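Residue numbers (the numbering used here), protein chains in the order written: chain A, 4 to 112; chain B, 278 to 397.
In case anyone wonders, no lab produced these hints; they're calculated from the structure.
In silico lysine-lysine, DSS-like type, Cα no more than 27 angstroms apart, as pairs:
id, chain 1, residue 1, chain 2, residue 2
1, B, 322, A, 50
2, B, 360, A, 47
3, B, 322, B, 360
4, A, 108, B, 322
5, A, 50, B, 360
All figures in this text were calculated on a predicted structure; none of them were measured in a lab.
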Amino acid sequence: QSALTQPPSASGSPGQSVTISCTGVSTDAGDYNYVSWYQHHPGKAPKLTLYEVNKRPAGVPARFSGSKSGNVASLTVSGLQAEDEAYYYCTSYTGGNKLFGGGTKLTVL
Amino acid sequence: QVQLQESGPGLVRPPETLSLTCNVSDDSVSRGRYYWHWVRQPAGKGLEWIGRMYTTGTANYNPSLMGRVTIARGASANQLSLKLTSVTAADTAVYYCARETAGWGACEFWGQGTLVTASS
Numbered sequence: 004q005s006a007l008t009q010p011p012s013a014s015g016s017p018g019q020s021v022t023i024s025c026t027g028v029s030t031d032a033g034d035y036n037y038v039s040w041y042q043h044h045p046g047k048a049p050k051l052t053l054y055e056v057n058k059r060p061a062g063v064p065a066r067f068s069g070s071k072s073g074n075v076a077s078l079t080v081s082g083l084q085a086e087d088e089a090y091y092y093c094t095s096y097t098g099g100n101k102l103f104g105g106g107t108k109l110t111v112l
Numbered sequence: 278q279v280q281l282q283e284s285g286p287g288l289v290r291p292p293e294t295l296s297l298t299c300n301v302s303d304d305s306v307s308r309g310r311y312y313w314h315w316v317r318q319p320a321g322k323g324l325e326w327i328g329r330m331y332t333t334g335t336a337n338y339n340p341s342l343m344g345r346v347t348i349a350r351g352a353s354a355n356q357l358s359l360k361l362t363s364v365t366a367a368d369t370a371v372y373y374c375a376r377e378t379a380g381w382g383a384c385e386f387w388g389q390g391t392l393v394t395a396s397s
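Go ahead and model the full structure; you've got the sequences and the hints to work with.
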């Protein structure tokens, strides 16, 4: 069972937008929309940032958005802020099993 | 909101069994429509899904760990357990428990994680 593929790093200056891709998400009808993204600061618990491709849990700023096309999902962070610097992981379900991406380290320059 | 806290030995000697407990602030381990997950992160690496259990007790596991892992309700209504047999150094990681509301496909609540070192 292969992990989902993410770029190892991404970066942007404050105020800019950055998009992180995630390749290999499920295209099965039953799992199609079960793509989620987590923000992870080392030493802390992962924080759910997006679920069902583009839904934001309460408290997550609208600067975070998501999309999906075929087997590629994307997370876009608009109006980058210093506190957005973290690791971001995508996940997808396939037949009851969850896959994680390898993680992308987002650096705010 | 619900709170989760992992607990268990910080050191396990190969090839013994790793046993962790997730203490939950309510009794939703046994009621409601939730999936309960275990996820781990080895030092310097990414997150790895271990498996999940539905409120009814039905479980799914990462195929790479199949045969070694068991996720089940704990001794009380607000506990979840993880057992991983025949551990090796490769099982050294921070272990997290997390809760997913059925239908979300994602874990909204997480514990802070606990470091388990597998070493003789």
